[in-house]
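> Sequences listed follow chains A and B, in order.
Residues 3 to 442 (this note's numbering) are what the first sequence spells out, left to right.
Residues 11 to 261 (this note's numbering) are what the second sequence spells out, left to right.
Hint data in this document are derived by calculation from the structure and do not stem from the laboratory.
Where a beta carbon is used, it is the ideal one built from N, C-alpha and C, also for glycine.
Each hint should be verified, as a subset may be incorrect.
Partner residues are not named here, just some residues of chain B that face chain A (Cβ under 7 Å, in silico) [what the hints assert, rightly or not]:
no., residue
1, Met59
2, Val72
3, Gly75
4, Thr79
5, Ala81
6, Asp84
7, Ala87
8, Arg88
9, Ala89
10, Met93
11, Val104
12, Ala107
13, Ala113
14, Ala116
15, Lys117
In case you want the letters, here they are:
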Amino acid sequence: MPANNASDWIAERRKAALEAYEAEPVPTWRRSGFWTTSLRNLDLDALEPRRYEPVGSEAELPSEVRDALDGEPGALIVQRGASTIYTHVDAELAEQGVIVMPLEQAVEEHGELVREHYMRRLSETEGKFPAATAAFWTGGVFIHVPANVRVEKPIQSVYAIDEPGTAQYAHTLAILGENSECAIREYCLGADIDGQALHAGAFELYTAPGARAKVAHFQDWGRGEIYDISTKRVVIARDAFVSWVPVHLGGRLTKQVLDIITAEKGSDMRHTGLYFTERDEHLDLFTTDLHEAPHTAGDTVWKGALTGESRASYEGLIEIIEGARDSHTYLQTHQMLLSQRAKGDAIPSLIVKVDDVSASHGGTVGELDEDQIFYMMTRGISRIEAVRTLVEGYFEEVVQRLDDPGLETLIRRRIGEKLLAAEDQVKEFVGHRAGAAQEA
Amino acid sequence: MSLEIQNLHVRIEEREILRGLNLTVRKGETHALMGPNGSGKSTLANTIMGNPVYEVTDGKIVFNGEDLTEADPDERARAGLFMAFQYPATIPGVSVANFLRMAVNAKREEPIKVKEFGKLLGENMELLRIDRAFTSRYLNEGFSGGEKKRAEILQLAMLKPEIAVLDETDSGLDIDALRIVSDGVNALRGPEMGSLIITHYTRILDYVKPEFVHIMLDGRIVREGGPELAAELEDTGYDQIREEVAAANAG
Numbered sequence: 003m004p005a006n007n008a009s010d011w012i013a014e015r016r017k018a019a020l021e022a023y024e025a026e027p028v029p030t031w032r033r034s035g036f037w038t039t040s041l042r043n044l045d046l047d048a049l050e051p052r053r054y055e056p057v058g059s060e061a062e063l064p065s066e067v068r069d070a071l072d073g074e075p076g077a078l079i080v081q082r083g084a085s086t087i088y089t090h091v092d093a094e095l096a097e098q099g100v101i102v103m104p105l106e107q108a109v110e111e112h113g114e115l116v117r118e119h120y121m122r123r124l125s126e127t128e129g130k131f132p133a134a135t136a137a138f139w140t141g142g143v144f145i146h147v148p149a150n151v152r153v154e155k156p157i158q159s160v161y162a163i164d165e166p167g168t169a170q171y172a173h174t175l176a177i178l179g180e181n182s183e184c185a186i187r188e189y190c191l192g193a194d195i196d197g198q199a200l201h202a203g204a205f206e207l208y209t210a211p212g213a214r215a216k217v218a219h220f221q222d223w224g225r226g227e228i229y230d231i232s233t234k235r236v237v238i239a240r241d242a243f244v245s246w247v248p249v250h251l252g253g254r255l256t257k258q259v260l261d262i263i264t265a266e267k268g269s270d271m272r273h274t275g276l277y278f279t280e281r282d283e284h285l286d287l288f289t290t291d292l293h294e295a296p297h298t299a300g301d302t303v304w305k306g307a308l309t310g311e312s313r314a315s316y317e318g319l320i321e322i323i324e325g326a327r328d329s330h331t332y333l334q335t336h337q338m339l340l341s342q343r344a345k346g347d348a349i350p351s352l353i354v355k356v357d358d359v360s361a362s363h364g365g366t367v368g369e370l371d372e373d374q375i376f377y378m379m380t381r382g383i384s385r386i387e388a389v390r391t392l393v394e395g396y397f398e399e400v401v402q403r404l405d406d407p408g409l410e411t412l413i414r415r416r417i418g419e420k421l422l423a424a425e426d427q428v429k430e431f432v433g434h435r436a437g438a439a440q441e442a
Numbered sequence: 011m012s013l014e015i016q017n018l019h020v021r022i023e024e025r026e027i028l029r030g031l032n033l034t035v036r037k038g039e040t041h042a043l044m045g046p047n048g049s050g051k052s053t054l055a056n057t058i059m060g061n062p063v064y065e066v067t068d069g070k071i072v073f074n075g076e077d078l079t080e081a082d083p084d085e086r087a088r089a090g091l092f093m094a095f096q097y098p099a100t101i102p103g104v105s106v107a108n109f110l111r112m113a114v115n116a117k118r119e120e121p122i123k124v125k126e127f128g129k130l131l132g133e134n135m136e137l138l139r140i141d142r143a144f145t146s147r148y149l150n151e152g153f154s155g156g157e158k159k160r161a162e163i164l165q166l167a168m169l170k171p172e173i174a175v176l177d178e179t180d181s182g183l184d185i186d187a188l189r190i191v192s193d194g195v196n197a198l199r200g201p202e203m204g205s206l207i208i209t210h211y212t213r214i215l216d217y218v219k220p221e222f223v224h225i226m227l228d229g230r231i232v233r234e235g236g237p238e239l240a241a242e243l244e245d246t247g248y249d250q251i252r253e254e255v256a257a258a259n260a261g
């Protein structure tokens with residue numbers, strides 16, 4: 003039966019996803035017996051999508067959104083709860099043919115383009131939450147930069163949660179045309195809500211050959227109990243380059259799978275991650291640097307710091323499949339414990355199925371180095387100032403890789419605030435010298 | 011204006027390293043403290059600055075009449091003490107210039123003006139023949155031995171302490187680097203600064219002439235004198251002095 007409605011295909015996809023969702027139990031993620039990410043404290047049944055009216059201007063956006071945004075975006079799309087509440091695209095971008103709109107709208111207006119890429123490398127059978135997202139997403143974000151278009155100002159999308167009881171199912175699809183150039187920033191922002199909420203998200207980005215993009219994810223869900231279970235995938239085509247920077251600065255529990263795929267000959271990427279956990283936050287990240295074609299390159303650096311009683315696990319896998327010869331990639335991960343009660347884990351791993359490649363990885367978990375602190379104090383610098391400087395210096399390498407002054411300032415500011423909040427713990431935590439370092 | 015070390019006993023992990031050390035360094039004076047490896051020279055330098063690894067079990071460190079034995083390292087620095095490290099720490103992500111600005115500001119009520127800081131830095135870099143590009147590098151990251159020592163002397167020049175302790179600043183330097191560092195120290199010498207040059211070898215004393223020489227063995231100062239003592243040591247070596255001290259004690 004020919005489809006009367008242009009979007010029938012998506013209804014089919016949603017239906018398949020719903021079936022997958024219903025067939026799956028709520029997962030518990032365990033690794034090697036000592037790391038567990040569990041949702042037993044999350045009351046899923048008490049959460050529901052919440053609808054909001056659109057707003058007429060940026061000034062009417064929720065304060066946690068206004069507070070994080072910087073400068074003049076080329077485009078801005080904001081989803082609050084289940085609803086897109088604001089969309090703005092510069093006339094200049096519109097003239098260039100750039101599309102930034104809710105994904106729901108794009109399904110109607112750009113059906114063929116969306117259908118061609120929608121969930122090309124994501125699957126509703128990846129688990130309970132990817133299935134939930136594929137079944138229930140509303141609003142969403144669609145970005146299309148046509149071939150040979152260079153967008154100067156950043157394209158920004160925001161997912162915001164500011165009420166307890168919210169379930170937000172989010173889906174972003176970004177398509178970058180041949181030889182296009184752009185910068186995308188996606189924010190996940192929460193108010194300090196009193197109660198639970200869920201963000202279940204999917205992000206997929208596909209470049210065409212020769213495209214160049216800077217992609218940043220900035221997550222700060224605030225001090226409330228916001229759970230974030232998301233899958234993000236960046237797929238890079240022939241001779242294209244993506245610099246991807248995910249930043250995690252807050253959330254009660256975050257479980258994310260982040261994959262960057264150099265999928266065609268000559269594709270290249272730089273992947274830089276940063277996280278800072280505090281209080282009783284729980285962060286569980288799994289990244290894959292997947293090479294699927296010959297002559298691909300990768301460079302991955304992840305750095306994190308932990309305060310309070312927080313838990314953070316980072317596992318980074320390099321995978322080079324058969325046929326991806328002459329690929330060169332490197333992954334390093336570092337973690338710094340700033341509190342005696344925090345627990346962390348940073349594990350690099352490697353699966354290489356082909357010769358003639360170079361792949362190396364390394365990981366460290368360390369504490370503050372008392373020799374560095376003493377050195378700085380002999381210059382008149384107080385202990386807390388020394389610690390702050392060392393932590394900021396530790397992150398500086400990754401912050402600079404953002405190559406985005408506005409976002410760099412925001413991240414430095416937030417890290418500074420978090421260190422100030424943890425000042426007492428940091429003071430009492432007389433480190434035991436850079437201890438458990440492991441080199442792989 | 012002086013640093014007085016009185017009957018200092020210091021322990022690290024149950025082992026007594028300093029065993030009743032007395033030493034006074036006044037502003038305007040240059041002292042050399044010489045001793046073989048393991049005599050406790052670096053322990054003394056670290057204890058003067060308040061390194062928490064070292065435990066003072068007896069005695070005092072008095073600076074300008076104030077007992078600083080229990081003071082935190084930053085307090086001592088702000089009071090006017092400085093130490094040039096034998097093995098300075100690396101501070102990743104913090105440029106030499108930013109680090110210097112932090113250190114200079116730590117001693118001031120009001121932060122130094124950008125222009126004034128630039129001028130001060132420029133003058134001192136010229137004095138120590140340091141290249142401009144040096145200041146934008148992260149402090150000590152990837153520095154050669156000579157660069158590290160020069161960065162220490164640059165900090166000394168910028169912070170203008172009343173008393174500076176130079177812990178084996180000459181070690182690991184080739185002759186050119188040694189000359190540059192020594193020239194720097196000499197340029198900073200004067201009535202406003204006292205210094206304690208800690209060294210194993212007499213080499214640096216060919217360039218920086220001390221007025222007082224102290225010889226240290228097993229956690230105590232065993233001989234004191236003028237520059238002639240360094241010359242004597244050059245001829246006889248530490249073993250000779252050790253024997254003399256043992257004989258004197260036996261007698």
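> For each hint, tell me whether it holds in the structure or not.
Hint check results:
1. Met59: Since the shortest Cβ distance to chain A is 5 Å, the answer is holds.
2. Val72: violated (18 Å)
3. Gly75: violated (20 Å)
4. Thr79: Hint violated; Thr79(B) Cβ to chain A Cβ min 16 Å, cut 7 Å.
5. Ala81: Violated, because the Cβ-Cβ distance from Ala81(B) to chain A comes to roughly 11 Å (cut-off 7 Å).
6. Asp84: This hint holds: Asp84(B) lies near chain A, its Cβ roughly 4 Å from the closest one there, short of 7 Å.
7. Ala87: holds (4 Å)
8. Arg88: holds (5 Å)
9. Ala89: Violated, because the Cβ-Cβ distance from Ala89(B) to chain A comes to roughly 9 Å (cut-off 7 Å).
10. Met93: This interface hint holds because 5 Å falls under the 7 Å limit.
11. Val104: This interface hint holds because 5 Å falls under the 7 Å limit.
12. Ala107: With a closest approach of 14 Å, the Ala107(B) hint is violated.
13. Ala113: holds (4 Å)
14. Ala116: For Ala116(B), the interface hint holds, since the closest Cβ of chain A sits about 3 Å away, which is under 7 Å.
15. Lys117: holds (5 Å)
Checked against the numbered hints listed earlier, the structure breaks hints 2, 3, 4, 5, 9 and 12; every other hint is satisfied.
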